[in-house]
Amino acid sequence: MSSIVTRLTGNALIVAALMVVWWFIALATGPEAFARADGFVRSWFGDLVMFLSVWAVWYHLIFGVRHLIWDSGRMLDVEASERFAMGGVIASVLLTIFVVIVL
Amino acid sequence: MRYMTDRKRASGLGSAKSGTMHHWHMIVSSVALVGLVPLFIFTFGRALGMGYDEALVYYARPFPAVVAILTILVGFYHFKGGVQVLIEDYVHGFARKALIIGMTCLSYAAAATGVFALARIAL
Chain X
5 MSSIVTRLTG NALIVAALMV VWWFIALATG PEAFARADGF VRSWFGDLVM
55 FLSVWAVWYH LIFGVRHLIW DSGRMLDVEA SERFAMGGVI ASVLLTIFVV
105 IVL
Chain D
8 MRYMTDRKRA SGLGSAKSGT MHHWHMIVSS VALVGLVPLF IFTFGRALGM
58 GYDEALVYYA RPFPAVVAIL TILVGFYHFK GGVQVLIEDY VHGFARKALI
108 IGMTCLSYAA AATGVFALAR IAL
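In order, the protein sequence lines correspond to chains X and D. Be aware that the first sequence starts at 5, since it is given in our numbering, and climbs by one per residue. Be aware that the second sequence starts at 8, since it is given in our numbering, and climbs by one per residue.
Simulated from the structure, these hints should not be mistaken for lab results. Keep in mind that the hints are not guaranteed to be accurate.
Covered stretches of chain X (in silico footprint by chain D; criterion: 3 or more residues with CB under 8 Å from a CB of chain D, positions within the stretch not fixed) [to be verified]:
no., region
1, 13–20
2, 55–65
3, 68–77
Nothing here was measured: the structure is a model prediction, and the numbers come from that model. No residue lacks a Cβ here, since even glycine has one placed at the ideal position from N, Cα and C.
Assemble the whole structure, with the sequences as input and the hints as a guide.
Here's what the structure looks like:
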């Protein structure tokens, strides 16, 4: 379950990534282009995508680290992996809330 | 053919062709992104919400710009590798090849666009 969500979050991040690139190229182009891209990224739709993507990127990062731990031959028992998953889900939510509050 | 040894016949047919290198590249880029992504979230998050002039000045500074360039380069490289595995798992035949090529092109195009934008902002 947590493994397939890692795949899902990672690939879904392409949407936010392309929005970020659009924002940068618009900033490099000029004020009108920037207003268009910035307006989209900060619209209710853009905000929703960015909010979900902040959670997705934290989730993907935390559970990617779990893959790195597994690859090193550690934490291979189911119980420890599931304990990590529980903590990871909570941590990803807390980090997302932290980002929303700070930024 | 029948004069070949069993080992020789099996050579190159296993799973370990370029897969090991692919996996290693995913590991290297993921470790880099563990550091880069939080830095990018907190620099880009600060710039998002700035006006045009303010954002331009902010991304002309070396630290936010270099963090953004590295995150875009390594991030899209990591995406290219990840989405390839996704496609290989669920899509077959010609569509598989077409999608992998398409996504590879998209990844490099987006990365180049991002880096060009940041270079233009900085210079």
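Check your understanding: Taking each numbered hint in turn, which are not upheld by the structure, reported in ascending numerical order?
Key -> Failing hints: none at all.
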